[in-house]
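Chains as they are written, first to last, in my numbering: chain X, 26 to 1100; chain V, 3 to 532.
It is worth saying that the hints were derived from the structure and are not from the lab.
This structure is a prediction, so every number in the text was calculated from the model and none was measured.
The beta carbon of each residue, even a glycine, is placed where N, CA and C say it ideally should be.
Treat each hint with caution, since some may be false.
[Stated by the list, open to error] No more than 35 angstroms apart at the CA atoms, straight line, and that leaves these computed lysine-lysine pairs for DSBU-like:
id, chain 1, residue 1, chain 2, residue 2
1, V, LYS148, X, LYS512
2, X, LYS1035, X, LYS1097
3, X, LYS331, X, LYS781
4, V, LYS26, X, LYS762
5, V, LYS86, X, LYS994
6, X, LYS281, X, LYS700
7, X, LYS835, X, LYS700
8, X, LYS935, X, LYS700
9, X, LYS137, X, LYS835
10, V, LYS148, X, LYS762
11, X, LYS835, X, LYS281
12, X, LYS762, V, LYS113
13, X, LYS920, X, LYS910
14, X, LYS839, X, LYS779
15, X, LYS137, X, LYS53
16, V, LYS164, V, LYS344
17, V, LYS498, X, LYS910
18, X, LYS821, X, LYS53
19, V, LYS344, X, LYS534
20, V, LYS526, V, LYS26
21, V, LYS113, X, LYS698
22, X, LYS698, X, LYS779
23, X, LYS1035, X, LYS779
24, X, LYS910, V, LYS113
25, X, LYS821, X, LYS781
26, X, LYS910, V, LYS344
27, X, LYS512, X, LYS835
28, X, LYS287, X, LYS920
29, X, LYS835, X, LYS821
30, X, LYS910, V, LYS26
31, X, LYS920, X, LYS1035
32, V, LYS119, X, LYS910
33, X, LYS534, X, LYS700
34, V, LYS86, X, LYS762
35, V, LYS113, X, LYS994
[Said to hold, decoys possible] From the structure, some residues in chain V lie toward chain X, with a derived Cβ separation under 8 angstroms:
id, residue
36, THR33
37, ASP166
38, VAL170
39, LYS502
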Amino acid sequence: MKRPLLLLVLLLTVGFQALAQKHTVTGKVLDETGQGYPGAGIMVKGTQLGTVSDVNGDFMLDVPDGKNFLLIQALGYNQMTINDSGQQTIIVRLKRSAKELEGAVVTALGVKREKRELGYNSTTLNNDELTAGQSSSAISGLEGKVAGANVTSTTGGPGGSTRIVLRGEKSISGDNNALMVVDGVIINNYDRTQSNQLTQVDFGNSANDLDPDEIESVTVLQGPAAAALYGSAGANGAIMITTKHGSHKSGDKKSKVDVTYKATFTLSDVLKLPTTQNQFGQGSIYTGIVDDREDNFSWGLPFDNKIKPWGQIIDGKELVKPYSYVPNNYNNFFQRGRDLNNFVSLSGGNETTTYFLSINTLNSNGVVPSTFYNKYSVRFNASTQLTNNIYTSVNVNYINSYSRAENSGQSAGGVMQSLLQVPTDVPIAELKNLGSVYNSMDFLDTNGIHRYGYFNAYAKNPFWAAQNYDNRNKTDRIIGDLNIGYKKGEFNVYDRVGIDVTSDRNYLKSPKYDVLPYDQTALYAGNAYISQGGYSEQNYNGLHFYNDFVANWTHAFNNNFGINALAGQNVTMLNDGSLNATIDPTTNGLVIPGFYNFSNNQGPISVSNPLTQMRTIGVYGDVKLNYQREVFLEMTARNDWSSTLQQDHNSYFYPGVNASWVFTERLNGTKFKDKVLNYGKIRMGTSGVGKSAPAYANNSATYAQNSIATAFGSVVPPFNGVSAFSIGNTFGSNGIKPELTREYEAGFDLSFLKDKLILSFTYYNDLTHNLITSVPVSPSSGYLFENVNIGDISNKGEELTIRGTPISTKWGLKWDLFATYTHNVNNVESLTSGLNQVTLGGFSGMAIVAAVGHPMGTFYAADIAYTADGHAIVDASGNPIPTTKPVYRGSYQPKFMASWGTDLSYKGIKLHVLFTTKQGGQYFSNTKLLEDFDGNAPETAVNGRNPYVWNNSVQQVGNTNNYVTNTTKFVPYNYWVNVVGQNFVPAQGLVNASYIKLQEIALSYRIPTKYYQKTPFGGLEAGLFGNNLILWTPKSNPYDDPSESSAGATSNGQGFNFNARPSLRNYGAFIKVTF
Amino acid sequence: MLKNRNLAIVLLICLVTGISSCRKYLNVNTTPNGSQTVTVQTLLPAAQLYVGSSLGVDLEIDGSFWAQYWTQNPNASQYTNLDKYTIGQDGFSNPWTNLYAAAENFYQMGKLADSLKLKQYKAISVLMQAYTFQLITDGWGDVPFKQALKGQYADGHLVNPKYDSQSVIYSNLLAMVDSGMALINTSDPAGPTTDDLIYGGNMAEWQKFGNTLKLRLLIRENKINPTGAQAAAVVFFATNPSFLATPADNAVIAYGSGSTNKNPLYAEETGLNSTQNLVGSKSCIDSMNSNNDNRLYAFYKPASTGFVGLTQGIIANNITVGSYSIPSSTVGGDALNSASTKANVNFMTSYESYFLQAEAAALGWSGQNDSLMFINGIHQSFLAYDAALQAQGPYASAGTTTPSGAVLAADVPFTGELAFFAYTYGDTFFVTPAGTPAPSYWSIYPSTGSLAQKLRCIITQKWFSMCGNQGFEAWTELRRTGYPDFLPFPLFASPKQFPKRFLYPTSESTVNANFPGVASLTSKMWWDLF
């Protein structure tokens, strides 16, 4: 009987002979500084037996007699082989070397491999590296640490959206975020951001539910080669997260529980607020209103510092203040954010069983008054090795979060929208007291009429908006997986079931009010603030289920050849459903103010229950060959069957191959290797990933009681009791094919001067073919969108990581330098059916498009018209004229990204500094346009607001093509208010998105054990840190942090800041103890 | 080896059963979020509502600005560009999209009606498609027509529909009206009922609607195609067609049955945070004041000092809006008055019908008395706003003698009938708005005058009657005839040329491969010889 069959039979029979004679080895793994190293893997060479070191670095392992070699693996350290020579106790001191190049990494399906085997690029960070800056988000913690990754943390604080795109955007309509995999199981990364970009509430995205403290390591697989075995989901690369686990122990240590406690206290404030001009205050002198004390305009007289009244006249009285500039005015709206993060873990194990339990609490108050984010999570995992070669493990993570976020965007309650319309001389700090009639948005006058006393007739008091527009999110989520496997000798067969169950609820309240200005003097009589008030609940339920059945065989034919073959089958089921109910403030409304309940409705409540169901079946295989562990070859193949494609054409196949050669093995024993190049590897590969269509994309248009919308209003059926069904505006075709990404990559990893200088370089070239998207069709066809395969996008780029260690002394001083460089060129290669471009998103006259020959995400809008030789064309009054057609104006994609950092350590003291940068690229700043319009922007005060000639401008001669140099001065007010302010040149809202950021700085001290040997403490560490700390932007951007976004994490309409949530700078202290 | 073979069989069985259960497992891609089927009874109201929203919001605003009933409130800015004639392509996306969506739904309804042999639904489908396409072509000129509405694979997958010339479209629309009319059978039991939001399924009314629509089409092309139009009209009038004759015949959608069924213009205003963008234009209000026209009470809300219009297109924000009249809630234009929610959207009216008949009679098409038709037009306009006049207008005081000779015992609200008499025959018994006397041609029909004089009188009166309630049709007739001829250029208009068309939306110029090229705001319609 052949071996595989034996294996199958054995699987079905119970009871297997226990192992033969053995001896127990205990030991301790130490890092370079002599501290115990947790999480190191210890394997008995030539067997599948192994354990993991505990929080103090201790381990215990039963070793079969005659097997004396132990392999020690730790992320970021050299693999070491130790001969236990029958010893009972051994101490292993890890050597941190060739950091990027050797050591274990977690690859697809959670398989741990040695980095030298890989024919593609990947980056691994351990917990220390990930949490060096103590970022509250695991994704933000990757910023600047992974070449090839474009990480955008829109808020930089707890609960905000974070986007991570590897090697450029590959899909027009689908999500471009990297796949998130936790312990081998895909997790759901959905967007909690609500509504459209104009009026949004940013509750962040669900990948941020993971607590960085419970993560043992993260491996980023940049390319599809790495992620091919995840099928469709891995097309954008993958972030492989391994959580902490307990470790095996035996003997007298059996009952010992390892306890870790960490507390982090963080303070936050706004990273960047717009700079304002400081010469002119409230008013609108150019329309003849010098002293308009209810205007949102800073187009008033120059400051004279005299005491003047401001705000509305109430009962004949008014407030006074000096007519002068208020420095740091916007900042006075915000409060200091506070965030307390507690983490406790208990772990332990015996010879056959391990367990790990962690509890994490995060309580934070946001910088915007009334906002908060609280999260509680529990993780439990356990594994057991049964005597009959069957092993099981279970991993459960429960997450509960509760948050409140402000309205952003242009909605009636938009906080930034209101804040940015406060003139430069109006002290924002004084608006805080909402009890004062002068600040109130709603008080009763003596005649019982609702009044507002607030100074501004066009924007609400931001303090009031923050208090009264109440948006909350509650989440309960369970992510778990269950493994059962059989491992014997060279065979390993296992089944893994993973689920991610989410219940996510949003509760959005908008107040009802109908108030008149108190001051009924001429200008604003009747200028009422009215809203019918609204309430919305959105209940999302997601069930994502994965099952993988995998069989693995490892064999060494002789000392030269080795093989590892894997075959697997995957079943995926994604069910997402929502139940949403809304009392819309414009089409409906509340009856009784302040009562947020669906019984309090003026008219029919709009209810929707969108559901999607997607299923796939995949089979895959992976064969790895090695020759003397020097040359490696890997071949992968996968075939998927997807529910979202036509039944008879729903199968797609994609193979891949990659190879690596550690060529320095040829140099063994040479001086060159010892003195110069101690490690070198070249690698190359090609791979494909198929990506299926979105659910229902191939369906014909269906019928529903669609609301019939005009620009701002709508009529919602049933109409007067009559049901009215209309045909949908989107249709698809059965012929939709899957998207296929084909990637070629090549690179090398080199280590010089005994690992003093390490270099890793990768070049890749991707083509994504048959992109699926909803393409706008001519509305005269009766429809607005068709789902089709639209064309091809390419991404070409380079990833470079350099690490140097200029100083490393025996007495413990070590200085590391680190840098990454990422350059990606994205290009829309072709679009089908004669289209030149597809609109991805946009508003306010600014479109974001995928246009042939341009990067995906190119801005497209009217701008100032220029002659062919670059002169601005102005009209008879000297104002620049707009182009008659939209023009392309750059993309949101950066030209390159880089980071550089340094780590200095001496004994237990560590200093970590990391800078990141993105250069090139644009973003659309509504802040700029709004500040230009209301006269707050510095550029509106150029030349003291006196007319001047537009720089380098010409005038057209009659209707000819001739131009003459312009000498007509334009009136700044007319340009900023009537040209820019009326949105004739939306492209003037584009701002250079380049920045340099002090991403992380941290100082920590690990107190040597000798000081507390007699205490129960096993380790004690404390430190100070800051993240997202300082931002440098070009002079042309006095407005916002370019990372801020109104688009959430998953939308492709990135690059828009439409009064988005402000980003935060965070700093604080932490303490960590182990018992 | 036996075991081996058994195992292989087991595996094979698994594989086979696996494959069929695989198919079942993967068969989940029919969307549960929309219905695969539909009924004509639910398509009809939806399609009508699409037209209602276009007609009531975009076409009404654009038309009422360009026919100078309304102007932009300078303290806000929503329609500034419209008022300055500097509006861009995107200003016309919504009506284009909604009108084609309306036509698409009528088209699908027609196909379904065909398959179910529901002739009355088919008749309405055809008539309403003709009506909708006339709106589209009168707005934009040459537009996709023959290849339009056929985007889906089942209909031919024409996602880049070709443009047809306006003349071809007009001749096709006439044929469509004829074919629709031929299907009408007033005793067909399988017709619509309450699902017909316009006529509640009364096919006799649809007959009048169809006839009036046909007359509108013929009148529109009269100048460009005089002989053809006349020949068709003579044949048409020989059939003794019935037209919309009383306010009860008016083709309207009555809104306001619930907060989600607001008049679409009012819904639009609420969506704009109830900002009162719309203000009465001096061009119209001054004329109505000087003409003692009590319809002011129906079309506008009086300001503190009576009916005061704002200069068309004045863009200066130091204006106290409270001292100007705004469009009334009767036409859905008062953003702060919830009565606006119940305003009707007018598709076609009895006064339009009579003004069309007056023009036909003046052209010698019908043998009718043009003078009588003209007076009927004015009369119908007053009667249509009878309720509004009674609710909002002035009182006739006790002791005065009404036109019928009765003496009023007590103060009574001014009815439409009374206001009509006051307007037409110069009765001065009643309290009327102050003003200088009107030019005589406005309401005194030149029975013996030239055709041009008659046309001027008819269209000027038509313009008054359509104030803020059929703005698009008024602007269209202004383009066709040049009347009224006393409208000034808006203060900041640039260029100083009246707009003659809508701009094609960017969705056409960027998406439709068969897009013929942009046309400027001042390029004319095929029927526009003015």
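Hint check results:
no., hint, verdict
1, V:LYS148 x X:LYS512, "violated, 70 angstroms"
2, X:LYS1035 x X:LYS1097, "holds, 17 angstroms"
3, X:LYS331 x X:LYS781, "violated, 65 angstroms"
4, V:LYS26 x X:LYS762, "holds, 20 angstroms"
5, V:LYS86 x X:LYS994, "holds, 23 angstroms"
6, X:LYS281 x X:LYS700, "violated, 46 angstroms"
7, X:LYS835 x X:LYS700, "holds, 19 angstroms"
8, X:LYS935 x X:LYS700, "holds, 29 angstroms"
9, X:LYS137 x X:LYS835, "holds, 32 angstroms"
10, V:LYS148 x X:LYS762, "holds, 31 angstroms"
11, X:LYS835 x X:LYS281, "holds, 34 angstroms"
12, X:LYS762 x V:LYS113, "holds, 30 angstroms"
13, X:LYS920 x X:LYS910, "holds, 26 angstroms"
14, X:LYS839 x X:LYS779, "holds, 14 angstroms"
15, X:LYS137 x X:LYS53, "holds, 22 angstroms"
16, V:LYS164 x V:LYS344, "violated, 39 angstroms"
17, V:LYS498 x X:LYS910, "holds, 22 angstroms"
18, X:LYS821 x X:LYS53, "violated, 45 angstroms"
19, V:LYS344 x X:LYS534, "holds, 28 angstroms"
20, V:LYS526 x V:LYS26, "violated, 59 angstroms"
21, V:LYS113 x X:LYS698, "violated, 81 angstroms"
22, X:LYS698 x X:LYS779, "holds, 9 angstroms"
23, X:LYS1035 x X:LYS779, "holds, 31 angstroms"
24, X:LYS910 x V:LYS113, "violated, 39 angstroms"
25, X:LYS821 x X:LYS781, "holds, 30 angstroms"
26, X:LYS910 x V:LYS344, "violated, 40 angstroms"
27, X:LYS512 x X:LYS835, "violated, 43 angstroms"
28, X:LYS287 x X:LYS920, "violated, 39 angstroms"
29, X:LYS835 x X:LYS821, "violated, 43 angstroms"
30, X:LYS910 x V:LYS26, "violated, 51 angstroms"
31, X:LYS920 x X:LYS1035, "violated, 51 angstroms"
32, V:LYS119 x X:LYS910, "violated, 49 angstroms"
33, X:LYS534 x X:LYS700, "violated, 68 angstroms"
34, V:LYS86 x X:LYS762, "violated, 49 angstroms"
35, V:LYS113 x X:LYS994, "violated, 63 angstroms"
36, THR33, "holds, 4 angstroms"
37, ASP166, "violated, 11 angstroms"
38, VAL170, "violated, 15 angstroms"
39, LYS502, "violated, 19 angstroms"
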